[in-house]
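The chain contents come next:
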Amino acid sequence: QVQLVQSGAEVKKPGSSVKVSCQASGGTFYSDTFSWVRQAPGQGLEWMGRIIPIVDTAMYAQRFQGRVNITADKFTRTAYMDLSSLRFEDTAVYYCARDLAGLHNGMDVWGQGTTVIVSS
Amino acid sequence: QSVLTQPPSVSGAPGQRVTISCRGGSSNIGANFAVHWYQQLPGTVPKLLIYENNNRPSGVPDRFSGSKSGSSASLAITGLQAEDEADYYCQSFDSDVSGMIFGGGTKLTVL
Chain Z
86 QVQLVQSGAE VKKPGSSVKV SCQASGGTFY SDTFSWVRQA PGQGLEWMGR IIPIVDTAMY
146 AQRFQGRVNI TADKFTRTAY MDLSSLRFED TAVYYCARDL AGLHNGMDVW GQGTTVIVSS
Chain L
961 QSVLTQPPSV SGAPGQRVTI SCRGGSSNIG ANFAVHWYQQ LPGTVPKLLI YENNNRPSGV
1021 PDRFSGSKSG SSASLAITGL QAEDEADYYC QSFDSDVSGM IFGGGTKLTV L
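Just so you know, the sequences run in chain order Z and L.
Just so we're on the same page, this note's numbering is the position in the first sequence counted from 1, plus 85.
Just so we're on the same page, this note's numbering is the position in the second sequence counted from 1, plus 960.
Since the hints were derived computationally from the structure, they do not count as laboratory data.
The beta-carbon is built from N, C-alpha and C at its ideal position, and this holds for glycine as well.
Watch out, some of these pointers could steer you wrong.
Unchecked claim - With the Cβ distance kept under 10 Å, some of the chain L side facing chain Z (calculated, not the full set):
1. A973
2. F993
3. A994
4. W997
5. L1001
6. V1005
7. K1007
8. E1012
9. N1014
10. F1053
11. V1057
12. G1059
13. G1063
14. G1065
15. T1069
16. V1070
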């Protein structure tokens, strides 16, 4: 049974960067893929991108291209989401989630979420 | 504005059947990409409810079902219960943006 545990809440200044981690226990990290999804206060879900650890390849939502970097460390079974040039509107809860096997599939296991607040 | 369009809210009485629509286009649902549905209870993490249009993960009651036709999909909930009150999101892949997309979400109120 896969469980995902994310790093703690962060408060960041505009223009800075934040790196959120997501450690997996159970399952086969190497052959899984992991997505990052965020949810601004009172808003809906927004997919940011995903990492495929087995080929060390990430793909990103167009609106985050150039500002987000998703990586994975197979040895520590940890995925990371690094978001730079933070703006006030990046204030949100950031979730990592495991993708079901198969192309463009849903996400069946979610981390607990990491609150990121961008404030001056 | 989401590429997948959901009604902002739906409601129903206990025991009734409700449906939540998810309207897409030719670059997502209409291109035969699968639709997935999530339930988010107040203050909690989203939960996968339906995957690949009409499949339920283990543990999801058969009161929940999904369907897809053309460029649209629907989530149906029968025998509505108070604990079904939540936000529901559809998701698919969009070839125009080359990424996964979510609908704007639908708030279900159990009267």
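Do the hints match the structure? See the list:
{"no.": "1", "hint": "A973", "result": "26 Å, violated"}
{"no.": "2", "hint": "F993", "result": "6 Å, holds"}
{"no.": "3", "hint": "A994", "result": "6 Å, holds"}
{"no.": "4", "hint": "W997", "result": "8 Å, holds"}
{"no.": "5", "hint": "L1001", "result": "13 Å, violated"}
{"no.": "6", "hint": "V1005", "result": "5 Å, holds"}
{"no.": "7", "hint": "K1007", "result": "8 Å, holds"}
{"no.": "8", "hint": "E1012", "result": "7 Å, holds"}
{"no.": "9", "hint": "N1014", "result": "12 Å, violated"}
{"no.": "10", "hint": "F1053", "result": "4 Å, holds"}
{"no.": "11", "hint": "V1057", "result": "5 Å, holds"}
{"no.": "12", "hint": "G1059", "result": "4 Å, holds"}
{"no.": "13", "hint": "G1063", "result": "7 Å, holds"}
{"no.": "14", "hint": "G1065", "result": "4 Å, holds"}
{"no.": "15", "hint": "T1069", "result": "16 Å, violated"}
{"no.": "16", "hint": "V1070", "result": "20 Å, violated"}
Of the hints listed earlier, those the structure fails to meet are numbers 1, 5, 9, 15, 16, in rising order.
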